[in-house]
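In my numbering, the protein residues as written are -8 to 344.
Watch out, some of these pointers could steer you wrong.
[Stated by the list, open to error] Cut-off 30 angstroms, straight-line C-alpha distance, at most; resulting in silico cross-link-like pairs (DSS-like, lysine-lysine):
| id | residue 1 | residue 2 |
| --- | --- | --- |
| 1 | Lys215 | Lys201 |
| 2 | Lys289 | Lys84 |
| 3 | Lys200 | Lys95 |
| 4 | Lys103 | Lys150 |
| 5 | Lys150 | Lys11 |
| 6 | Lys255 | Lys201 |
| 7 | Lys84 | Lys159 |
| 8 | Lys289 | Lys159 |
| 9 | Lys150 | Lys84 |
| 10 | Lys95 | Lys289 |
| 11 | Lys11 | Lys84 |
| 12 | Lys103 | Lys200 |
| 13 | Lys95 | Lys84 |
| 14 | Lys103 | Lys159 |
| 15 | Lys200 | Lys215 |
| 16 | Lys159 | Lys11 |
| 17 | Lys201 | Lys95 |
| 18 | Lys159 | Lys201 |
I should point out that these hints are in silico values taken from the structure, not numbers from a laboratory.
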Amino acid sequence: MLFFELLYPYYLPQYLPVAKEWLARGGEVRFVCHHIDPELMPGYRQALAATGIEVFWVSSAEQVEALCHQHQPDWFVFGNTQQQFSSMPEATKVALMQHGIGPKACYFDMPKGRVDVRFVEGQHRLRQLQARYPEHRFVDTGYAKLDSIVNADNSERLKHTLGLDAAKPTLLYAPTFFPSSIEALPRDWPQQLSAYNMIIKPHYFSLTKKRYRNQSQRLHAWAKYPNVHLVPVADQDITAYMSVADLLVSDASSTLLEFAALDKPVIWCDFYHLRWTYRGPLKFRLKQRMAPELNQYKPLATVVERPGDLAGAIAHQLANPGQLRDVRHSLTAQLVGRVDGQCSHRVVDCLLS
């Protein structure tokens, strides 16, 4: 039996391809899901029910460990380097599948608790992590989340469902919650981009956390424009929207790397609305939050440093989608690894070996 721990709903797209592969080989799967805000639970339950996989609900790491002692799964898979489990049953092996591949420093952490294997994306990342943690086992499988995009065949149907104008290119704006470009963009931004379909898929926190209520207000104001589709908060699977988009606009997040791995043009918004605790003499805290190698990733994208330059950059990249293709291929090999639709197969091969 295979347990997946979902700390948040947006972990589901990373796990689902692996869960399906495990099931296809005759195994059993359970999702161990943490409770979220009550008003969001109906949508979350609906998304989980659509998978057909049984769910256990928990509210703490202690409850997770208790479930593992009760059911004794063969493997327990979790997705956050900041978590740790101190009393897993000896019969249960523990695997880490980090929920993102982005340029945040926490990617390079390892939990203090037992981890029998961590699945990583490419030989470059494997060497980096192995050098930092020689006592741990790392296996290069690629990024399983992308399997569903590589193997997708429903993009035209989704375009019709979303009501996208077939005569217009489609932009996917997928900002993160912090540091974020949302509040730095004007309220009439969609009007400036009326020549395009716009799918806006913000981070879960931007629509649910009180700290980011200004972001939520801005997002819902944009959603009133006729060329905008704001993805509902209950829909945490960005992969379908990546498959229909011609270009991505995002901040410093793993979505940039994921989209570039599909050999599509990417715009990196390098302008942010920062909390006062990250401004002026405290700006060093922002650098601490981001991975030291952040600037090495920028060549795969068109970097825009001012909101006023964004529309021009979008038009240029749509007219010249192959401009940064060689760089995208090179950095994808480093940071994402193999993009062949077979990553989940390799994960399950390892779990069964």
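Hints and how they fare:
1. Lys215 / Lys201: holds (22 angstroms)
2. Lys289 / Lys84: Violated. Lys289 to Lys84 sits at ~37 angstroms, over the 30 angstroms cutoff.
3. Lys200 / Lys95: holds (20 angstroms)
4. Lys103 / Lys150: Not satisfied, since the Cα-Cα distance of roughly 44 angstroms exceeds 30 angstroms.
5. Lys150 / Lys11: Within the cut-off at roughly 25 angstroms; holds.
6. Lys255 / Lys201: Given pair Lys255, Lys201 is violated - Cα atoms ~34 angstroms apart, limit 30 angstroms.
7. Lys84 / Lys159: The given pair, whose Cα atoms are some 49 angstroms apart, is violated under the 30 angstroms limit.
8. Lys289 / Lys159: holds (27 angstroms)
9. Lys150 / Lys84: With a Cα-Cα distance of about 41 angstroms, the restraint between Lys150 and Lys84 is violated, given a limit of 30 angstroms.
10. Lys95 / Lys289: holds (14 angstroms)
11. Lys11 / Lys84: holds (20 angstroms)
12. Lys103 / Lys200: holds (28 angstroms)
13. Lys95 / Lys84: holds (27 angstroms)
14. Lys103 / Lys159: violated (49 angstroms)
15. Lys200 / Lys215: holds (21 angstroms)
16. Lys159 / Lys11: violated (35 angstroms)
17. Lys201 / Lys95: Holds, at about 23 angstroms.
18. Lys159 / Lys201: violated (35 angstroms)
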